[in-house]
Amino acid sequence: AQTVTQSQPEMSVQEAETVTLSCTYDTSESDYYLFWYKQPPSRQMILVIRQEAYKQQNATENRFSVNFQKAAKSFSLKISDSQLGDAAMYFCAYRSPNTGNQFYFGTGTSLTVIP
Amino acid sequence: IAGITQAPTSQILAAGRRMTLRCTQDMRHNAMYWYRQDLGLGLRLIHYSNTAGTTGKGEVPDGYSVSRANTDDFPLTLASAVPSQTSVYFCASSVQRGEKLFFGSGTQLSVL
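Taken in sequence, the protein lines are chains P and B.
Under the working numbering, the residue at position 112 of the first sequence is numbered 112, and the numbers go up by one with no gaps.
Under the working numbering, the residue at position 32 of the second sequence is numbered 32, and the numbers go up by one with no gaps.
Here chain P stands alone, though its shape is the one from the complex (with noise of 0.2 Å):
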C-alpha cells in the first residue's frame, strides 16, 4: 500500500502570513493523482486542491497553492494570506488509479490560526 506521511501534527501562522504545509509520499507508480482536504471542526471535509501527477505545473485555488515535486514525492500545501477561517485539520491524500482506486490519507497537520 502506499504511504502518505505529514510530518508536522500541529503548525500555526500569524493572520494574514503564509504557511506552508508539508506531505510525502512512497509510490513506484507514475500515473496517480494527490489532494489535500481541509477539515475543520464541524467534521466536513472539504477538498482545497487536486493534482495531477502528469502535469508538471503546480495546482492553484485562489490562496492555496501546491509545489509538486514527483522525483522527491513531496507534495507540499502554501496558504497565503492566512484567514481565521484556514484553521482547521490539513490531509493530504493519494489515489491510485490501479490499486483498486482507493485513497490513501497522511495523518493531518493541525493548523491554528493566530489574530
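To be clear, the hints were calculated from the coordinates, so they are not data collected in a lab.
Virtual Cβ for every residue (Gly too), placed ideally from N, Cα, C.
It is possible that some hints are incorrect.
Stated by the list, open to error - Computed, partial: chain B to chain P, Cβ under 8 Å:
hint, residue
1, 31
2, 40
3, 48
4, 51
Take the given structure of chain P and dock chain B to it, following the hints.
Here is chain B on its own, set in the frame of chain P:
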C-alpha cells in the same frame, strides 16, 4: 441536494452488540468507501467497492463487513462491537479514475 447521507450521526453502543452504519449517495458514483478517523492516525480505509456487486478490503477490515447490493447504498456492519472500534466513521464516494472523494458528514461511534 445531491450528496452522501450517513446515519446515524452518533451512536453509543454496548460492546458485543451488532451495529450497521448506513450510507446512501444520490450521485450515481461507482466507487464507495468506508474510512475510520482516529486522532493521530488520520483516515484509514476499512472497505471499498468499485462497483455494485463488488467489495474489497482496505487497511483495517477486521471486525467489519460491507455489502453493495446497488449503486446507491453501502452499509457497514460491526458484527460484535469492541471498544477499539470507537471512532468517527466516514462514508465516501467518487467517480472512477482520479476524481475527488465526496464525503458524508460522519458517524461518531462510541463502544463501551
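Hints numbered earlier in the text: which of these fail when held up against the supplied structure?
4
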